[in-house]
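J.: Assemble the whole structure, with the sequences as input and the hints as a guide.
Residue numbers (my numbering), protein chains in the order written: chain X, 416 to 619; chain F, 416 to 619; chain P, 330 to 569.
Bear in mind the hints are in silico, worked out from the structure with no lab data behind them.
One should not assume that every hint holds.
Said to hold, decoys possible - Only some residues are given here: those of chain P computed to face chain F with a beta carbon under 7 Å:
1) M441
2) R443
3) D516
Unchecked claim - Sample of chain X residues facing chain P (criterion: CB under 7 Å; computed from the structure):
4) A522
5) E523
6) E525
7) F571
Said to hold, decoys possible - A few chain X positions that, by computed beta-carbon distances, are all more than 12 Å from chain F:
8) R479
9) A485
10) R528
11) V530
12) A562
13) A566
14) Q569
15) S575
16) D578
17) L585
For every residue, glycine included, the Cβ atom is placed at its ideal position computed from N, Cα and C.
Next come the chains, spelled out residue by residue.
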Amino acid sequence: MSALDPTVRAVEAVLFASPEPLSIDSIRAHVGVEKGGSDIRTALETLEATYSGRGIALVQRGDRWHFQTAPDLAHLLRRDREEARRLSRAGIETLAIIAYHEPVSRAEIEAIRGVAISKGTLDVLMEAGWVRPAGRREVPGRPLIYATTPAFLQHFGLTSRRDLPGIEDLRAAGLLDPVDLALERLEDEAEASSGAREEQGDSD
Amino acid sequence: MSALDPTVRAVEAVLFASPEPLSIDSIRAHVGVEKGGSDIRTALETLEATYSGRGIALVQRGDRWHFQTAPDLAHLLRRDREEARRLSRAGIETLAIIAYHEPVSRAEIEAIRGVAISKGTLDVLMEAGWVRPAGRREVPGRPLIYATTPAFLQHFGLTSRRDLPGIEDLRAAGLLDPVDLALERLEDEAEASSGAREEQGDSD
Amino acid sequence: MTGEQLTLDLDGWEGPLDLLLSLARSQKVDLRQISILALVEQYLRFIDRAGRMQLELAADYLVMAAWLAYLKSSLLLPRQPDEDPDPEEMALRLQLRLERLAAMREAGARLMARDRLGRDVFPRGAPEGLAVQRKALWQAELYDLIATYGRINARTRPVMHVVADRQVMTLEAALERVSMLVGSRVDWSAIETFLPDGTERLRRSALASSFLAVLELARQGKVELRQAAPFAPLMIRQPA
Chain X
416 MSALDPTVRA VEAVLFASPE PLSIDSIRAH VGVEKGGSDI RTALETLEAT
466 YSGRGIALVQ RGDRWHFQTA PDLAHLLRRD REEARRLSRA GIETLAIIAY
516 HEPVSRAEIE AIRGVAISKG TLDVLMEAGW VRPAGRREVP GRPLIYATTP
566 AFLQHFGLTS RRDLPGIEDL RAAGLLDPVD LALERLEDEA EASSGAREEQ
616 GDSD
Chain F
416 MSALDPTVRA VEAVLFASPE PLSIDSIRAH VGVEKGGSDI RTALETLEAT
466 YSGRGIALVQ RGDRWHFQTA PDLAHLLRRD REEARRLSRA GIETLAIIAY
516 HEPVSRAEIE AIRGVAISKG TLDVLMEAGW VRPAGRREVP GRPLIYATTP
566 AFLQHFGLTS RRDLPGIEDL RAAGLLDPVD LALERLEDEA EASSGAREEQ
616 GDSD
Chain P
330 MTGEQLTLDL DGWEGPLDLL LSLARSQKVD LRQISILALV EQYLRFIDRA
380 GRMQLELAAD YLVMAAWLAY LKSSLLLPRQ PDEDPDPEEM ALRLQLRLER
430 LAAMREAGAR LMARDRLGRD VFPRGAPEGL AVQRKALWQA ELYDLIATYG
480 RINARTRPVM HVVADRQVMT LEAALERVSM LVGSRVDWSA IETFLPDGTE
530 RLRRSALASS FLAVLELARQ GKVELRQAAP FAPLMIRQPA
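T.: Here it is as structure tokens:
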């Protein structure tokens, strides 16, 4: 860029630093009259031409001027990113209960789990595509019931739900051993507090 | 400006839109790889040159880049006369010691200043975002050590710590060495020169 | 000398080293060439004046004064060979400290004078902002799933408590039994003769509780105890 005209430089800096669009009068109030410089309006025209076709543009809105990023580049300012995230303990417990007991209502999940589940937990499982609503239970209140999806089987490498090991298999594998219950409770507490943080994080 | 290179435009837009300095990696994450465009570093160099002498400048602070107004236009932009909270003398000296000696423990700061630093002094520097704890020194007592932050470089307009005013001269003069080390060196030098004299004496 | 004209407002100094540096500056020479002896004189005169004006001096100023007075005498007196600490070295050390403080003070001033962001140079006033929309790719392993199910089961399965048959004699029972039996004995009897019949496990428990019981009864003066040697039979009788 050639622009070393002092007024042009000054107008450029003032508009850049301003938190809001500026009228010619307020630009002049900042810039004053630079010796040997062009007037404000000429400077604005020069800048408008200078920035034409660039990543940023000088634009006029009503009688105020401001810089903005070029409209055709708006997509760069918002970007999607896929992040691998591990399911929380509440999430995996809920998923396990649905997988073993489907179709199952939320109240039934809570009864089995012994702990209430937050709305977000089922949402996450549905967002992951592993769980779907599967109609309503024909009991008073007609609660929604949930079941697993084909994507669930696929993700966990199962041909069918019958591939899930039964209670006796789990016992044989020592997975029903209550020894680490106390430890687990501690972990739950730790997770509950980090879960709270996560939810905060999710909201931004 | 001629620059219609798509990467240059994109980098320009992303840096303008960002509320904070960006590393090359985060610029790339937004810009992606434009077909036929130059790489990010080249684009940054192009922009740096393009904006040279204008009212806005592209600057590097640590490994991050951002646009800011040209320093010589400060008089147009200073919004209010009074500086936002002046740092105390203790604060300024402590900041300088951390910046020139980092990482440095509290005891080392106190050894240079010859007085204890009040608790508030380090707090103020950390609150300003210029100083951070940087681990512990592996000596008895494992004292915390402090270092400067990227925000420090940004605020003081430093590309890197090598840009600290006069740091090379101070280092060359041994003024960044602890007193004990400096003393040893002086003794060594004195010995070497007296040794040299002795040798001369012998050869007579 | 300029040093004398320094105001005596000690609040203005950040400790003795700061004061020394200001005094050294008044010598108007490179710190590498200052006269430590002259500096010491200046400092001591300063402290002396402060004392005469009855200004309260912080302890560290006085400590420094005492140290400098010692340094001064060491520097003036004929040098003892192998004197430790070496006064020349002490003086040099002081000079090096002053140089370092001065260097950092100057560095701080130069740092503050730079074009500072938000004061001299400004970032964009109204940045559009960059947004990252995160899309979660949820991950979980089959093992986690089944292990978790096992844990839920273990956690919520009804727990049955089985109390094993424990053959014990309580302290209360032992107290009652020993009190009752000791009255019917005429002479010293070994503790074992007070134990009920039963399995070996019951007898061990009964021995322990009966031992505690006889200690308690002895304390109350209701029985007398005798033991000839360690591990010899413990003999019990009613007091005569």
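J.: Now tell me, hint by hint, if it's right for this structure.
T.: We went through each hint and held it up to the structure:
The interface hint given for M441 (chain P) is met, as the beta carbon of that residue sits about 6 Å from the closest beta carbon of chain F, less than 7 Å. The beta carbon of R443 (chain P) comes within 5 Å of a beta carbon in chain F, closer than 7 Å, and the hint placing it at the interface holds. A least Cβ separation of about 70 Å between D516 (chain P) and chain F goes past the 7 Å threshold, and the interface hint is therefore violated. Annotation: interface hint on A522 (chain X) violated; nearest CB of chain P at approximately 15 Å, more than 7 Å.
Nearest Cβ of chain P to the Cβ of E523 (chain X): about 12 Å, over the 7 Å cut. The hint is violated. Because the smallest distance between the Cβ of E525 (chain X) and any Cβ of chain P comes to about 11 Å, over 7 Å, the interface hint for this residue is violated. Because the smallest distance between the Cβ of F571 (chain X) and any Cβ of chain P comes to about 4 Å, under 7 Å, the interface hint for this residue holds. Here R479 (chain X) stays apart from chain F, with its beta-carbon at least about 18 Å from theirs, past the 12 Å limit.
A Cβ of chain F approaches the Cβ of A485 (chain X) within 12 Å, the least distance being about 6 Å, so the stated non-interface status is violated. Consistency note on R528 (chain X): stated as away from chain F, and its beta-carbon is indeed over 12 Å from all of that chain's, at 39 Å minimum. Every CB of chain F is more than 12 Å from the CB of V530 (chain X) (nearest about 38 Å), matching its label as outside the interface. The beta carbon of A562 (chain X) sits about 38 Å from the closest Cβ of chain F, which is more than 12 Å, so the claim that it is off the interface holds.
For A566 (chain X), the shortest C-beta to C-beta distance to chain F comes to about 28 Å, beyond the 12 Å cut-off, and the non-interface label holds. Residue-level check passed: Q569 (chain X) sits 30 Å from the nearest beta carbon of chain F, beyond 12 Å. Under the 12 Å C-beta cut-off, the non-interface status given to S575 (chain X) relative to chain F holds; the minimum distance is some 41 Å. Under the 12 Å C-beta cut-off, the non-interface status given to D578 (chain X) relative to chain F holds; the minimum distance is some 40 Å.
No Cβ of chain F comes within 12 Å of the Cβ of L585 (chain X); the nearest lies about 44 Å off, and the non-interface call holds.
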